[in-house]
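**Student:** Here are the chains, one letter per residue:
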Amino acid sequence: MSTPFDYAPAPESRSIVDIKPSYGLFINGEFVDGHGKSFKTISPATEEVLAEVAEADEADVDAAVKAARKAFRAWSRMPGRERAKYLYRIARIIQERSRELAVLESLDNGKPIKESRDVDVPTVAAHFFYYAGWADKLEHAGFGSNPQPLGVAGQVIPWNFPLLMLAWKIAPALACGNTVVLKPAETTPLTALLFAEICQQADLPPGVVNIVTGAGGTGQALVGHPDVDKVAFTGSTEVGKAIARTVAGTNKKVTLELGGKAANIVFDDAPLDQAVEGIVNGIFFNQGHVCCAGSRLLVQESVADELLAKLKRRMSTLRVGDPLDKNTDIGAINSAEQLARIRELSDIGESEGAGRWSPACELPSTGFWFPPTLFTGVSQAHRIAREEIFGPVLSVLTFRTPSEAIEKANNTPYGLSAGVWTDKGSRILHMANQLRAGVVWANTFNKFDPTSPFGGYKESGYGREGGRHGLEAYLK
Amino acid sequence: MSTSSTVLDSSFDDVTRTDASLRRFLHGLPGVDQVGAEARAAGLGTRSIKTSAKAYALDLAIRMVDLTTLEGQDTPGKVRALASKAMRPDPADPTCPQVAAVCVYPDMVPVARETLGDSGVHIAAVATAFPSGRAAMDIKLADTKDAVDAGAHEIDMVIDRGAFLAGHYLQVFEEIAQVREACRREKGESAHLKVIFETGELQTYDNVRRASWLAMMAGAHFIKTSTGKVQPAATLPVTLVMLEAVRDFREQTGTMIGVKPAGGIRTSKDAIKYLVMVNEVAGPDWLDPDWFRFGASTLLNDLLMQRTKMTTGRYSGPDYFTLD
Amino acid sequence: MSRIDVRKTYKLYVGGAFPRSESGHSYEVFDSKGKFVANAALASRKDARDAVIAARKAFPGWSARTAYNRAQIVYRIAEVMEDRRPQFVQAVVQSEGLSASKAEKVVDEAIDRLVWYAGWADKITQVIGNANPVAGPFFNLSTPEPTGVVAVLAPQESSLLGLIGVVAPAIVTGNTVVVVSSCDRPLPAVTFSEVLATSDVPGGVVNILTGSAATVGPWLASHMDVNALDLTGIAGDSALATDLEVAAADNLKRVRRAPAAEPDWTLDPGLDAMTAFLETKTVWHPIGV
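Heads up: the protein sequence lines correspond to chains A, B and C, in order.
The numbering used here puts the first sequence at residues 1 to 476.
The numbering used here puts the second sequence at residues 477 to 800.
The numbering used here puts the third sequence at residues 801 to 1089.
It cannot be assumed that every hint is accurate.
Keeping only pairs whose Cα atoms sit at most 25 Å apart, straight-line, the calculated DMTMM-like set for lysine to aspartate or glutamate is [stated by the list, open to error]:
no.: 1; chain 1: A; residue 1: K85; chain 2: C; residue 2: E994
no.: 2; chain 1: A; residue 1: K20; chain 2: A; residue 2: D203
no.: 3; chain 1: A; residue 1: K85; chain 2: C; residue 2: D831
no.: 4; chain 1: C; residue 1: K811; chain 2: C; residue 2: E882
no.: 5; chain 1: A; residue 1: K85; chain 2: C; residue 2: D883
No wet-lab data here; the hints were simulated from the structure.
Isolated chain A, as found in the complex:
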């Protein structure tokens, strides 16, 4: 007798953002043409070309590093409280232009507007706000009475949180008195270029922030540049290892934030409805393109059936589609390449005998899409339990005792994050002690805050970003 409550399309207007047909590099406070070729950046939801972007070659990278070096002298000697005011300005402009940034991020990345609007962009502003406050308090940070900046930071960031990763890199670097050359990911350069405009609006001195767009080659040129004092990288473990090799024998300080295969551990006394939300948020937030995603669900056998039934029901309410629709929960996969990788690993999961399940959901005909998916009957030996899929794919394993849960959770080369769900406080703390992971979420998941350090154990990288600890990477 009930009729379906179909949510009519509620698209966010894209007219708020003005995308230029082509973009140059941002060097020494100006947009300049690169010497190299250019590449196209597309909307992964429609495959529509959004803009042509310059691909920086070695000479361009060198020019950017030179500009940063030149700017370093004045920037590093500027009183902290003056640097702070530039960062506060940037934070405020980000707040003022938040809708524009959110729309552009969703267009270029494919993530749902409700995430770029409610998570990414507010956290970006908060990050600048937080580190602005450190710029004039560095002597209180616990790194000596007269901490000094390192110099020029070469920063390479991924495509999953383009603007947020930029903030994580640039805000602490600038607060500490460093200057930066940042390379955004090849598939998501646009918000970084809009950020360059924001630096101009804030009258940031030229050369303090430089943005060089490009692919792997540009990143290599930056990381390997002899006049770069500090390398900060977020991305795959494979590239992270290559960077560690590149900087071997140099004096470059390095922080690496790499892959993960986090366990989300649910005990039988957990608040189950909230655990279901945490599992969904853990693996389907940002299409699962999250290095700390809770991609392995470890559920206590005694509650596994009940939890899975609830989880499947909840997954059936997820809305996959147009990233700019305010009611979309899961957007587009960022690239054809990433989609192929998710498909490949999912097929392997099936052929290795795991049970594959997705809710019925209609996927758009153009663009890159993958339905929310879970695999049951997964064991630690399955590739889908070991390799980072970086997509909306959850592997479900079971355990019987806390020690078995810990053993399985730690049985991975990664160690970025973990989740624990139980109503028992002492068990949370015990699990947190035993888990070899840089972030442990208890009765929540995927929470981020500028004041909270983030980073991994083992092959998930080294160094911490965020909080007081995040300053250490940019000080000597």
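Assemble chains B and C onto chain A, guided by the hints.
**Tutor:** Just chains B and C now, with coordinates in the frame of chain A:
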């Protein structure tokens, strides 16, 4: 109201035998994490309901309203006016649906009945020493019977929060069961029973979940958040926990129970957030006045104003709607 | 004919409103050259009482806000002050007799000091709080929490920078304050209260009384619903300071003592002004399966 009458489920006989067994059962239900529940409710609140979906939601919300007056100053005149409005909320627009029910004190049931006739708008009466619930059991039952005999289709009873908070679960259970008995009429019919928890006094979501199960096991047709006399009254997270409870109860027993948030829901925007929550938490089966109600008074006019905005394309004002 | 100017009435700032003194009294304020500037409200015992009620009422909400939110609000005060810079410069020139350029420097310093304190809201916990490695299976964490309602006697000489130097550190950590402004130089404080009223600061977080610290101070020092006392404003008056400290002992108010002389407010203030009005809370929890 649906005719599929709730069957008192005998599978809970063991559970409901003693205070101790009830306590073990209710305290064995999964806990509710406050932060997570509130985040989920807030997340559902960000859904953007536009155009055709909004028009559907507004009409549905109007059909779900229990138009309420529960004041010491209520008079037959006031109740007659309210009943007229319930039947024709927007006299200028014949396409506007009528509300589900009017909700009044038991002594006003005959007045409401006279006006409503066989319009289809139900009469709900609050009973059991509303709103405090502080009276002897025989008085509560007499209160209920009076309202039923006068022709109330629905009884909104309050639980004894003192007994609940003191852990006397069996007492609360038996009170609900007895009131349910008192709802019976001749010819095997029965007034529908809504059980009010006064969630603002129960305070924790764990308590709300326990009260929900207690009432459902005792034979409630509906579980209802509040009397409207205590702050906070209905909230999205409280309703979330109750919707999860009715969803889980149906999963386990096959029996559907209705949910009624009451008090504090004043705007269309709020009402639509509740409907989104019903849709995504309990499921679309509950998107029906038989299974979901709003206990409200001022909400109706805001729904009417928004409805007019949808059809005329301009904002309306309070002067264009009846104040009853 | 020359225009007759419209003169402003200077009032108290209590609970987000601008009342006249309950007593109806006011006093004449002169500039540094002895020229009459305005009448200011003369705060009474009952104004102090009302201000404490307002501060107490505001405390639960203000202290429960996220540190990030408090940081944003204190920063907003700085933004609004910057917008009214000329007015503050004029007030400082009148009150302190400085040249315009020196007064500008004082105002700049005051705004920058607010920005400095704004940043502390979400950092002080990380600097003075810590996990404690106790010898047992326990999680043990110490974090600072605001003391409560702080009565502040603001400096007499530095009417703006000194005022910021005692108000900002107390509120940024989550306390609420009742401030007695400089007695002879109250105008910057009055202008500051108008800034507060338009900067997202909830009413009652800062309450500003103009008048005499010697008159109002004892009532605040003995008030049993005040948690802490900052005596900076009676620097050099050791007899009064001792009396107030004795009165404060009745409910063990945390007292920030009066210095021998008013400090140089342009120097790095350090953390003392914040830590003076913070409690440390340590939480123990067992660790086990």
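**Student:** Each of the hints needs a verdict: does it hold here or not?
**Tutor:** The hints, checked one at a time:
1. A:K85 <-> C:E994: holds, 24 Å
2. A:K20 <-> A:D203: holds, 22 Å
3. A:K85 <-> C:D831: violated, 33 Å
4. C:K811 <-> C:E882: holds, 22 Å
5. A:K85 <-> C:D883: holds, 15 Å
Violated hint: 3 only; the structure is consistent with all others.
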